[in-house]
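If you want the building blocks of each chain, they are given just below.
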Amino acid sequence: QQPVQSPQAVILREGEDAVINCSSSKALYSVHWYRQKHGEAPVFLMILLKGGEQKGHEKISASFNEKKQQSSLYLTASQLSYSGTYFCGTEPSSSNTGKLIFGQGTTLQVKP
Amino acid sequence: DSGVTQTPKHLITATGQRVTLRCSPRSGDLSVYWYQQSLDQGLQFLIQYYNGEERAKGNILERFSAQQFPDLHSELNLSSLELGDSALYFCASSTASGEQFFGPGTRLTVL
Numbered sequence: 001q002q003p004v005q006s007p008q009a010v011i012l013r014e015g016e017d018a019v020i021n022c023s024s025s026k027a028l029y030s031v032h033w034y035r036q037k038h039g040e041a042p043v044f045l046m047i048l049l050k051g052g053e054q055k056g057h058e059k060i061s062a063s064f065n066e067k068k069q070q071s072s073l074y075l076t077a078s079q080l081s082y083s084g085t086y087f088c089g090t091e092p093s094s095s096n097t098g099k100l101i102f103g104q105g106t107t108l109q110v111k112p
Numbered sequence: 001d002s003g004v005t006q007t008p009k010h011l012i013t014a015t016g017q018r019v020t021l022r023c024s025p026r027s028g029d030l031s032v033y034w035y036q037q038s039l040d041q042g043l044q045f046l047i048q049y050y051n052g053e054e055r056a057k058g059n060i061l062e063r064f065s066a067q068q069f070p071d072l073h074s075e076l077n078l079s080s081l082e083l084g085d086s087a088l089y090f091c092a093s094s095t096a097s098g099e100q101f102f103g104p105g106t107r108l109t110v111l
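For the protein sequence lines, the chains are X and U, in the order given.
If you're matching positions, the first sequence starts at 1 in the working numbering and goes up one per residue.
If you're matching positions, the second sequence starts at 1 in the working numbering and goes up one per residue.
Hints listed in this document are in silico derivations from the structure and should not be mistaken for laboratory results.
Small disclaimer: the values here were computed from a predicted structure and weren't measured.
A couple of the hints might just be wrong.
Claimed, not checked - Quick list of the computed label-pair ranges, beta carbon to beta carbon:
hint: 1; chain 1: X; residue 1: ASN21; chain 2: U; residue 2: GLN41; range: 19 to 27 Å
hint: 2; chain 1: X; residue 1: VAL43; chain 2: U; residue 2: SER38; range: 13 to 21 Å
hint: 3; chain 1: U; residue 1: PHE69; chain 2: X; residue 2: GLN79; range: 36 to 44 Å
Unchecked claim - In silico negatives: residues of chain X with every beta carbon more than 10 Å from chain U:
hint: 4; residue: GLY15
hint: 5; residue: ASN21
hint: 6; residue: SER30
hint: 7; residue: LEU49
hint: 8; residue: SER72
hint: 9; residue: SER83
hint: 10; residue: LEU100
hint: 11; residue: ILE101
Just so it is clear, CB atoms sit at the ideal spot from N, CA and C, and this is done for glycine as well.
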């Protein structure tokens, strides 16, 4: 039931791009993306609702394919500040509460 | 700063003891969520309250309980503590459109 994230870890140089995928076996109502730095709280990045939309701000964007129950997070021209662990949180269609089930996380390290 | 506050920041206690973690949501948010984060389990949803009522339950142990008060702050009570309960406990509150904002967390160490 836990969504599966891939890759588990990625190392980039500044300026390179990355894609993080999140795949669920359940029909989804929404997908949430968070970034967490070591020892800190997860920080909200964006929410994608059923409807296959794509969202983004600055150099971070995401897409949601509700037919495939998949979401992807796109990080372009990465900066050192992008380092951290990225989590997707999924809300099943059957849930009407906002309860999220989180993936295991993808660790991103950006090097100078 | 997300606007969600949690106290205490750190808690060290012994097995068998009982502790209470406190959370104040962002102004205007009615929903409060509790999560447990340990190294081997990731972020696990425990329980959700909406405007004082329990709304959803996750993998919350019977030794754990929570409530949300009329002023919307919430408390998570953990009793008969075991070594395996050592973890970061996060509280989050959400807007009407569903974005969840996390508090800084309480790091619980059970010795």
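Verification of the supplied hints:
| no. | hint | verdict |
| --- | --- | --- |
| 1 | X/ASN21 <-> U/GLN41: 19 to 27 Å | holds, 21 Å |
| 2 | X/VAL43 <-> U/SER38: 13 to 21 Å | holds, 20 Å |
| 3 | U/PHE69 <-> X/GLN79: 36 to 44 Å | holds, 41 Å |
| 4 | GLY15 | holds, 29 Å |
| 5 | ASN21 | holds, 17 Å |
| 6 | SER30 | violated, 6 Å |
| 7 | LEU49 | violated, 8 Å |
| 8 | SER72 | holds, 19 Å |
| 9 | SER83 | holds, 18 Å |
| 10 | LEU100 | violated, 6 Å |
| 11 | ILE101 | violated, 7 Å |
The earlier numbered hints that this structure contradicts are 6, 7, 10, 11.
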